[in-house]
Amino acid sequence: MIGLDGFRRVRGCSGRTSSTWRAKKLLASVLAIGALSSVTVGGTFAVLNSQESNVGTTFVSGTLTLSNVVNTTGTACFSYGGPASPGNVNTACQALFLSTSQNYPGVPITAKVTLTDNGSIDASDLSVYMPSCTNATTPGAPAPGGGNPCATAGAQFYLQENDSSGNPLKCWYPSAVGACTFAANTLSVFALNFSTTANAVDLGAGPLHGQARNFVVGMQLPSNASNTLQGQMAQFGLTWHITS
Amino acid sequence: MTALKQFLLGLMLLGAVTYFGGGGTFASFSAQTSNNGSSIASGTLTMNDTVNSATSCLSAAGTSNDNVNSVNQAVNAAGCDKLLTLTNVAPGMAASTAKVTILNSGSIAASQFSVWGSSVNATLNTAVPVGTFSSISVVGLEGPVLSGQNLELNYGSNLPQTFKASSSVTPPASPTTPVTINVTAPLGGTATATAALPIGATMTDTSSNTDSTATATNNMDCYDVKTTGGTATATKGDSLNFNPILGNPFCGHALFFMQETGAFNYCWYGNGAPGNPSENVSGLCNVPIIGVTLGTALTIGTVSSSVTLQIPSQTLNGNISNGDTLVVTSGAHTQTFTATQSIVLGTTGVTGVTATSTTPFANFTFPIGSTVVDLTSASAMNADTTSTITGFDTLHNSTGRIPLAPMTANGAINAAAAVQLNGGASRTFILGLYFPTPPGINQNYLQGLVSTFGITWHLDQ
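So the sequence lines, in the order shown, correspond to chains V and P.
Numbering follows this note's numbering, in which position 41 of the first sequence is assigned residue number 41; successive positions increment by one, without gaps.
Numbering follows this note's numbering, in which position 332 of the second sequence is assigned residue number 332; successive positions increment by one, without gaps.
Think of the hints as simulated: they come from the structure by calculation, not from any bench.
Don't be surprised by glycine CBs; every beta carbon is placed ideally from N, CA and C.
One thing to keep in mind: the hints can contain errors.
[Said to hold, decoys possible] Computed far set for chain V versus chain P, every beta-carbon distance over 10 Å:
hint	residue
1	V70
2	T73
3	P144
4	K170
[Said to hold, decoys possible] Residues on chain P that point at chain V, a partial pick, calculated with CB under 8 Å:
hint	residue
5	D49
6	A74
7	A78
8	C80
9	N88
10	I199
11	G448
With the hints as extra help, turn the sequences into a complete structure.
In structure tokens form, the structure reads like this:
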């Protein structure tokens, strides 16, 4: 139709009496062919084709999460139970010791911590650190001594790993083979030297996914504790960290 | 009647007699031949797609009867295999790969052979008869459809029919679950089918794979969901509050690569491909070797020489390129080497790699089990934020197809070749995914996610 219109426009200008009539007719034909080519090229040169798709490929990331149970009877605290940001960090798990259970020199107290990789990916590394140790007055203490159990000559601390039956495997701090024993200044040294992820105590590989590791945290006021430690308390936390 | 008229009438009679009776009147002898029975037969251009050693799928077996097979195999067994089904992936794990062989099973040479990231796609679950309609029901929906996007439906030899989505939908948990999409005519108003669209017709969202940046409205074929199953008793993705799927973060993080193998090697997409900052001239994509250890102790004490790093016989899970930096580590001891040979991913029975060291050897014996890391590829991959599935989908969508010109040498192709896949010929590709582990970056937000995507292969006469 484009070509015919063009032909009519040419004819309308001067008609067949024009001296250029033949040339115009020829050009109009060329115009028609060109127009037809342009509007039909898609159909004229359409060729064979073939097509296949591999759809539905899936790439699934695993999970690496930690559960934390204190004294085996406590409620499990999950790493993903914390806020969405930074995510997978839960700072609200159960305390190991409470200030209501008052301690006396030479009398140890312990707490068990069971850490389970309840994700689907094995932990390649487990570490622990103590972000801070803060001295405070024991609530209700009639005559606080003013000493600092977080400081040198203060409270003693150890971290021991047990098997699932409760048998000692290794004393991670202070480092020793088998069961731990109390030693002087251990809380202050631990708090000083292992306070961030960068300098955390490396507890080695694992747990594997679905498996647990069992730890015992021991605390004691030295048997020769100064009276200045009366009515004082050490406030601290332990942060457990796993990586894939 | 004048004499002239009589003469002219005579001429007319003579002409008429000549015209109607001349053949018989003047033929004394005759001869005649006929070439009957000629035929013209069209050739075929069809494709077979084989993933690893699975059963081939055929382009002609697609449910849309147009030599296009894009059906999800979960919906119809005639569909092509998915490339990979990878579960429980952690950062830095070895890349997972699939070998895809594309065969031109027809008789006609293909002048164009191309690949691209599939558009958002599905197949009709309910037939649409000729006439007006307001919605379509589809299965195998891969990717979200957004209201206002253009949908193209194809079946048989009919021309594509184009409509516009008037509702937004997301893929269901199972590809076999039907999804209803409201539609209008392309410019609004009631949609009208000009030809019947039977069950199995393909639906393509031609507006997709163009916007990977908008977090809430991106329209990519690759999409993320949270895991709801997997390892028994393990935490599922939908239990986590720190792994949002807006913006399909896993699709935008997982690295994708496609390397052709055969007489030569060519990295068509991925880290190491031409144009990539870490282009690998050997034709190999950068894919790190993971979990490789010494199988024989390496006792060294001399200065600089060529050695063979002996490893237990294995199928290599990454590429080692000639010139790559290899680091052998045992505890705090390391020794750096330069590979003097290339070994292609997937090569079986690899027992060692030759290398040299230009740095003085450590006065140390590296025991069996010392790790061997290809630092070049590992560093390149772990720093790569562009060679992702999302990157492939957007850069190489249906309008940015990769023309698969034939290889002429390692890392070289003939872009001007008139034929890219002859009838009866095949070409083989290694496609893989890698979850990079950029140093110092917390990737918890990528836990418990599933990325789903597809790729499309195409032959033109």
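Indices of hints not satisfied (ascending): 7 and 10
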